[in-house]
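> Next come the chains, spelled out residue by residue.
2 protein chains.
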Amino acid sequence: MRALHHFSLQPRSRRIRIQLREKKLDFEPLAERPWERRDGLLRLNPSGETPVLVEENGLVVAGAAAIGEYLEEAYEENPLLGRDAAARAETRRLIDWFDGKFERDVTQNLFHEKLLKRLYGLGGPDTGPNSGAIRAGKANIRIHLDYISWLVDRRNWLAGAFFSLADIAAAAQLSVIDYLGDVPWEDHAGAKDWYARVKSRPSFRPILADTWPGTQPPPHYADLDF
Amino acid sequence: MRALHHFSLQPRSRRIRIQLREKKLDFEPLAERPWERRDGLLRLNPSGETPVLVEENGLVVAGAAAIGEYLEEAYEENPLLGRDAAARAETRRLIDWFDGKFERDVTQNLFHEKLLKRLYGLGGPDTGPNSGAIRAGKANIRIHLDYISWLVDRRNWLAGAFFSLADIAAAAQLSVIDYLGDVPWEDHAGAKDWYARVKSRPSFRPILADTWPGTQPPPHYADLDF
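Same order as they appear, the protein sequences are chains A and B.
Going by the working numbering, 159 is the number at position 159 of the first sequence; the sequence numbering is gapless.
So the number in the working numbering is just where the residue sits in the second sequence, counting from 1, plus 1000.
Be aware that one or more of the hints could be misleading.
Simulated pairs of lysine to any residue, SDA-like, Cα-Cα distance not exceeding 25 Å [said to hold, decoys possible]:
1. Lys-117/A - Ser-1131/B
2. Lys-23/A - Ala-1086/B
3. Lys-1101/B - Arg-33/A
4. Lys-138/A - Leu-1208/B
5. Lys-101/A - Tyr-75/A
6. Lys-101/A - Leu-1115/B
7. Lys-1101/B - Leu-119/A
8. Lys-1023/B - Tyr-70/A
9. Lys-1101/B - Leu-116/A
10. Lys-1192/B - Arg-1155/B
11. Lys-138/A - Gln-108/A
12. Lys-1023/B - Arg-1197/B
13. Lys-23/A - Pro-202/A
14. Lys-1101/B - Arg-154/A
15. Lys-1023/B - Ala-85/A
16. Lys-138/A - Ala-85/A
17. Lys-101/A - Asp-1105/B
18. Lys-101/A - Leu-1009/B
19. Lys-1101/B - Ser-8/A
20. Lys-138/A - Arg-1037/B
21. Lys-23/A - Arg-37/A
22. Lys-24/A - Arg-104/A
23. Lys-117/A - Arg-135/A
24. Lys-23/A - Lys-117/A
25. Lys-1101/B - Arg-37/A
26. Lys-1024/B - Leu-1208/B
27. Lys-138/A - Lys-1192/B
28. Lys-101/A - Leu-1059/B
So these bits of chain B aren't anywhere near chain A, every CB distance computed over 10 Å [stated by the list, open to error]:
29. Lys-1024
30. Pro-1029
31. Gly-1063
32. Glu-1073
33. Leu-1116
34. Ala-1139
35. Ala-1196
36. Ala-1209
Source of the hints: derived by calculation from the structure; they are not laboratory data.
All C-beta atoms in this analysis are idealised placements derived from N, C-alpha and C, irrespective of residue type, glycine included.
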């Protein structure tokens, strides 16, 4: 059976789990702790990072960027990139926006500081969260929520009329920040309405059921009518 | 005519210029200074970032990730991703390695600190380069050069037997660090030999001719027998 090595709270792992379910492709999820640098994971991906997909025929596809494109090439049903060049360009621009810019502006500042830093055992005498980074992350997320609201004010989904990998990438990143309780939904009605629509998709449910030892998401986190 | 909005010293802009030339696609290069946040560039790409490709039919493709995939889909001649799923997965894994990991580990620490920070007018009282970041960048680059040497010890090019977008992404990143004089080639013979082969390709020549006001690359920079 197809296997996905993933870290349940990592946005890029989440986006591949959602994509696989949207495409109705069965897989066995294998939980990894990338900071432990397990030999078996390093053999599959020399960077030691998740996600890594292993197909039944032995094909290894490492990293969300490569897996995302591979799944669209290999399995044409339920396409998530868009059908023409303009739609595909827009979907990929937005994937890069969320897995690039959002990840640097927000996820690095909040998820990294509040949780990953501890798991990776990073930092010297000041191993606690950096308050400057957390302030920056909380300010930056508002720009991204405004941008999502602006987009869905003009389109049904982020990249256009169709649900796409752009929605999946954005929602996967946001879901992790929401787990930390750091998404100011109340000030961003358009983004909130879009996220509620993503959350209600069956592909998203398993994501919302995951928790991490010693942490607890806010009450609204898995609530579909939050 | 096809146009490419680019910033001549940016690794991701360089990689698209090289890809276009490898595919023998003519284009007009339009120099941008992304830190000026020019309205015309923001209309093409809301992130304000280069590169942005504008096709003759008006199609806009924003960001190196989207342009790289678009060019391979739209123009089948001179393919640079690989022909089967395994080759394409390996090429994309390595693009992500160099435009992701290398960029964070090395380019952010050296190019950002030494040049971009000044151009973007970032930083408060301490606007100079952060010496800790520069030390980290100089240490990290050795791991990446070792990895390149390891790969080309086993393969003709980075992703396998064929010249690919992986070579282009890696060489584009390295070319900018080499411009700063921060690549310790003398300790990494395998990587140096591979880079000399990339440098000698006609697609790479225009890159090496670019300079930036107030800066000067080291004498070996544009030398094909460095």
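> Now, for every hint given, state plainly whether the structure supports it.
Going through the hints against the structure:
{"no.": "1", "hint": "Lys-117/A - Ser-1131/B", "in the structure": "holds, 22 Å"}
{"no.": "2", "hint": "Lys-23/A - Ala-1086/B", "in the structure": "holds, 20 Å"}
{"no.": "3", "hint": "Lys-1101/B - Arg-33/A", "in the structure": "holds, 18 Å"}
{"no.": "4", "hint": "Lys-138/A - Leu-1208/B", "in the structure": "violated, 41 Å"}
{"no.": "5", "hint": "Lys-101/A - Tyr-75/A", "in the structure": "violated, 28 Å"}
{"no.": "6", "hint": "Lys-101/A - Leu-1115/B", "in the structure": "holds, 20 Å"}
{"no.": "7", "hint": "Lys-1101/B - Leu-119/A", "in the structure": "holds, 19 Å"}
{"no.": "8", "hint": "Lys-1023/B - Tyr-70/A", "in the structure": "holds, 22 Å"}
{"no.": "9", "hint": "Lys-1101/B - Leu-116/A", "in the structure": "holds, 17 Å"}
{"no.": "10", "hint": "Lys-1192/B - Arg-1155/B", "in the structure": "holds, 15 Å"}
{"no.": "11", "hint": "Lys-138/A - Gln-108/A", "in the structure": "holds, 11 Å"}
{"no.": "12", "hint": "Lys-1023/B - Arg-1197/B", "in the structure": "holds, 18 Å"}
{"no.": "13", "hint": "Lys-23/A - Pro-202/A", "in the structure": "holds, 12 Å"}
{"no.": "14", "hint": "Lys-1101/B - Arg-154/A", "in the structure": "violated, 35 Å"}
{"no.": "15", "hint": "Lys-1023/B - Ala-85/A", "in the structure": "holds, 18 Å"}
{"no.": "16", "hint": "Lys-138/A - Ala-85/A", "in the structure": "violated, 35 Å"}
{"no.": "17", "hint": "Lys-101/A - Asp-1105/B", "in the structure": "holds, 17 Å"}
{"no.": "18", "hint": "Lys-101/A - Leu-1009/B", "in the structure": "holds, 20 Å"}
{"no.": "19", "hint": "Lys-1101/B - Ser-8/A", "in the structure": "holds, 21 Å"}
{"no.": "20", "hint": "Lys-138/A - Arg-1037/B", "in the structure": "holds, 23 Å"}
{"no.": "21", "hint": "Lys-23/A - Arg-37/A", "in the structure": "violated, 30 Å"}
{"no.": "22", "hint": "Lys-24/A - Arg-104/A", "in the structure": "violated, 31 Å"}
{"no.": "23", "hint": "Lys-117/A - Arg-135/A", "in the structure": "holds, 16 Å"}
{"no.": "24", "hint": "Lys-23/A - Lys-117/A", "in the structure": "violated, 33 Å"}
{"no.": "25", "hint": "Lys-1101/B - Arg-37/A", "in the structure": "holds, 16 Å"}
{"no.": "26", "hint": "Lys-1024/B - Leu-1208/B", "in the structure": "holds, 18 Å"}
{"no.": "27", "hint": "Lys-138/A - Lys-1192/B", "in the structure": "violated, 43 Å"}
{"no.": "28", "hint": "Lys-101/A - Leu-1059/B", "in the structure": "holds, 23 Å"}
{"no.": "29", "hint": "Lys-1024", "in the structure": "holds, 19 Å"}
{"no.": "30", "hint": "Pro-1029", "in the structure": "holds, 20 Å"}
{"no.": "31", "hint": "Gly-1063", "in the structure": "violated, 5 Å"}
{"no.": "32", "hint": "Glu-1073", "in the structure": "violated, 7 Å"}
{"no.": "33", "hint": "Leu-1116", "in the structure": "holds, 14 Å"}
{"no.": "34", "hint": "Ala-1139", "in the structure": "holds, 16 Å"}
{"no.": "35", "hint": "Ala-1196", "in the structure": "holds, 24 Å"}
{"no.": "36", "hint": "Ala-1209", "in the structure": "holds, 28 Å"}
Checked against the numbered hints given earlier, the structure breaks hints 4, 5, 14, 16, 21, 22, 24, 27, 31 and 32 and satisfies all the rest.
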